[in-house]
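**Student:** Each chain is listed here by its residues.
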Amino acid sequence: MSQPLASNYQREETLDVLYDISQLLQTGLDREALSILVDLTETGVNPEALAAVVHELRRESAALHAASQRSDAAPTGNCR
Amino acid sequence: MDAPRYADSLQLAERVERLMLHLVPQLRVPTEDDSSSARLLHFSLRILSSRMASSSLATTPQSAELARRRLVHAGRASDALKLSGLLPRLERSAHGLAHLPALLQLLVALMNSQPQASLDACAGAALLARPLAPPPPPPLRVDPCAVAPPHEESRIAPPPFKPERTVTNGLSEETLVRELLFVMQGIDGVHIKWEGAKDAFVVPRDTLMPAGARQLVGRLCELGWLYKQVQAYVHEGAGAGLVPQSFRHALQVELTEWFQLIAILEAQRQSSLTLLQLLVWSHQPLQRLITLVQLVRSCGSLKGGAMSVAMARYERHGDPEVAGYVRHLLRQSCSPLLAMVRQWVMRGELLDPHNEFFIEQQAVPLNELWHQRYTLREAMLPSFVSKPLAHTILLVGKVINFIRLGCHDAEWTLTLASSSAPAAAPRDAGAATDRHVIDMPTLEFGREEEMEALVMRASTRANSYLLRLMLDKYMLQQHCLNLKQYLLLGKGDFVQQLMEHLAPQLAKRVSDLHRHQFLSLVESAIRSSASSEPTAEAEVTLLLEHLDVQLLKDPGGSGWDSFSLDYRVESPLSTVLSASALAEYRQAFTFLWRLKRVEHALTGVWRKHGTTARLLQHHFQRDPIMHGCHLLRNEMIHFVCNLQYYLKFEVIECSWDDLLRKLSAASEFEELLAAHREFMAALRSKALLGPETATLHETLKGICDVIVQFSKAQDVLYMSLLEQKAAARQLAATAAVNTAAGRWGCSGDDAAATLGAPRLQPEFGNQLAVYAAKYRECFADFFRQVSRHALLDLEFLSFRLDFNLYYESLRDVHEAAPGST
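Order-wise, the sequence lines are chains A and B.
Using my numbering, the letters of the first sequence map in sequence onto residues 1 to 80.
Using my numbering, the letters of the second sequence map in sequence onto residues 81 to 901.
Hints in this document: simulated from the structure, not taken from any laboratory.
Keep in mind that a hint or two might mislead.
As the list claims (entries may be wrong) - Below 20 angstroms or equal to it, Euclidean Cα-Cα: the simulated EDC-like pairs (lysine to aspartate or glutamate) are:
1. K854(B) - E679(B)
2. K792(B) - E679(B)
3. K162(B) - D20(A)
4. K162(B) - E13(A)
5. K676(B) - E664(B)
6. K564(B) - D737(B)
7. K588(B) - D641(B)
8. K467(B) - E528(B)
9. K162(B) - D16(A)
Since we're looking at a predicted model, the values are computed, not measured.
The shape of chain A in the complex, shown without the other chains (with noise of 0.2 angstroms):
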């Protein structure tokens, strides 16, 4: 990390506030991924172009997930 924070301690709390905010907004982010989006933010990146990313990535996961879905429904469909 570029800037390492003062302690532990300190960035669990930090990430304690952000995480309610986070459902406040109703971002739909766990814990885990606003740890991963801080240390993005911390290397500057635009905020704007990171949350286009994490439509991006989502929209890809529910369609990954249609898509087993569907080959599961449909075992002899178009898995062939």
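Use these hints to put chain B onto chain A, whose structure you have.
**Tutor:** Showing chain B alone in chain A's frame:
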């Protein structure tokens, strides 16, 4: 690329990969080809690098403000408050974070982007084909209970039952929901159609669908049926009227809200909407629609007040929510009625094109304005107006119209400014507008006591003005006094004058009489009896304007029977002194006039007696016939005087005193009318003019006739006596001349007969006996009736007539006689 930059980008790539693996868990499972994850990573990195420099960074307060605003907009004000509390904590604890603003911006950008439980809709979409915009927050105010925020709902609700969503089981749930949304607007779907015969939306039996779904659809189809009912009422046009019209408007507003709900449901359907969700969310609107249909049914083709009564029945519903809802509709529907009440109470105007108001106007001439022009239409009495209040309202408008039309005071307007205000009222323009606001308070449904207060205030104002107008401008009291003094013969000197002036005329036959002669005679009687005070002239002028003479066209009778004074009044006085009241005055006048005439005749006889008695005193001192005459005459005079006394003091003056007291105490015009009515009623019953004393009145008439005949006979008697006396005197004079000439004083056979005392012819004695018997019989009859009459006041009369119980003893003898034989 130098080393640190390279290291940075490596670190970046590593973190992005971590994020990717976290967010797309499927990639964690090692699959045969790794290309998709590599592609995704590459893609993410490209996004990050491409937009790196393009947009500006928001500061912490900016992001926070944006987040707060969005939260408030979504109706989560408490969450916005929580957020405001959290931010300082974050800033305190995160001093180690250099990029806090960026972090916040990120979170705000990710707001409301929960990963959906099922995003099948997007599954087929190409990667990055469209950015996933957060669904717009639904307007919650439409129906807070019915529509829960979709995102919360979808988080809480279990995933919809998936097995039914397949095509194999017939119609998919999605299709059904779409169809139902159409049905809810009363439109046929592809499968669910309206069947007129069954009066319902039905799914054809042969359509393949699960039984549970069929049941749900059946329940939801009720919404379509209910909607159609309401819609039909809104558009049909039957029951024209302002109240149905405003009710329709209220219904239209309700339907608009219903459409809003459908629009929200439709938006929700784009993401996901199950039949069960639809059923739950439409539960509350269903209840409302049921209430609406009940109202529509009960109103039918009613209108106006009757309709408000029909609706008000549902206001007493046990469920407070339904009751409140009905009250809301009722308030909107009744606003035209309240506007009518206001217009009527404040301006006296009836704006009722569809006959909905509880007051109606009859087509009667203006002089019947007070009694007949406005009537209560009881069928249209609204739920919020009690019957006494309705009467007061009717009265207020009537008073206003009476002032305008009856009293010719069209300029007058009702002002409700408090009575203490007039002194300070015309201060400035501001005060004037203030007064205007006070003058026209708007009435609102549900505030009955306010309306009542307004009505009462308007009533007091209008009535007091009308009273002032009647008593001051139109001098009602003066007219009443005139009636009493002249038609009820209250003014003795006038009556005396009139009697003397008219007596020669009235003895003629009716056919020889002319009204104009009487008019001049009446006027001269008035002028000669008027006092010499300066104010009297005005009174005389007023009197002459109104006093008139009426000659009844009764060809057989004499002038005495047909003559009557009359009093003419114009509107508005004619409302109080109505034609029927004046007719009663005339009737009373005829009666009193007859008594006066009898009295006049009797006193004439008595006067003649006075003059003749001196001349004939030597002859008739002890004559039994003359003595009988005196006794009978005195009896008659006693009777007539006491009857007149009774009428004048016990009846007229007492009632008059009452009338005066009530006139001055009256606060409403109606009280004024009632006071005069009571006066007339007292006069009618006590003065023997009413139908219940008709026989008494007839008997009295008989007595009067006997007295008049007796007076005439007496006249003739005295005339003959005087003639005999004169003849005797002449004879004596001739005899004296003859004697002086040295001849016989008398010559001829008959001389001896005429020379002595004047003799009473025996038929006078017979006549007297007949009259006496007739009179006593009539009187006994009258006295019997009077003393046995139920009316208390006649007791005074009988006491007066029989103060020494003479007649009573006579009656006892008379009644005992037939029993003993």
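**Student:** Between K162(B) and D20(A), does the CA-CA distance stay at or below 20 angstroms?
**Tutor:** With a Cα-Cα distance of about 10 angstroms, the restraint between K162(B) and D20(A) holds, given a limit of 20 angstroms.
**Student:** Check whether the Cα positions of K676(B) and E664(B) lie no farther apart than 20 angstroms.
**Tutor:** Distance of about 18 angstroms is within 20 angstroms: holds.
**Student:** Given the proposed pairing of K467(B) with E528(B), does the C-alpha separation stay at or below 20 angstroms?
**Tutor:** OK: K467(B) and E528(B) at ~13 angstroms, within 20 angstroms.
**Student:** Taking 20 angstroms as the top limit, are the C-alpha atoms of K854(B) and E679(B) close enough?
**Tutor:** holds (18 angstroms)
**Student:** Are the Cα atoms of K792(B) and E679(B) separated by 20 angstroms or less?
**Tutor:** holds (13 angstroms)
**Student:** Would you mind confirming whether the straight-line C-alpha gap from K588(B) to D641(B) stays at or under 20 angstroms?
**Tutor:** Holds, at roughly 11 angstroms.
**Student:** Taken at face value, is the distance from the CA of D16(A) to the CA of K162(B) at most 20 angstroms?
**Tutor:** holds (14 angstroms)
**Student:** Given the proposed pairing of K564(B) with D737(B), does the C-alpha separation stay at or below 20 angstroms?
**Tutor:** holds (11 angstroms)
**Student:** K162(B) and E13(A): Cα distance at most 20 angstroms?
**Tutor:** holds (17 angstroms)
Violation of the numbered hints given earlier is absent; every hint is satisfied by the structure.
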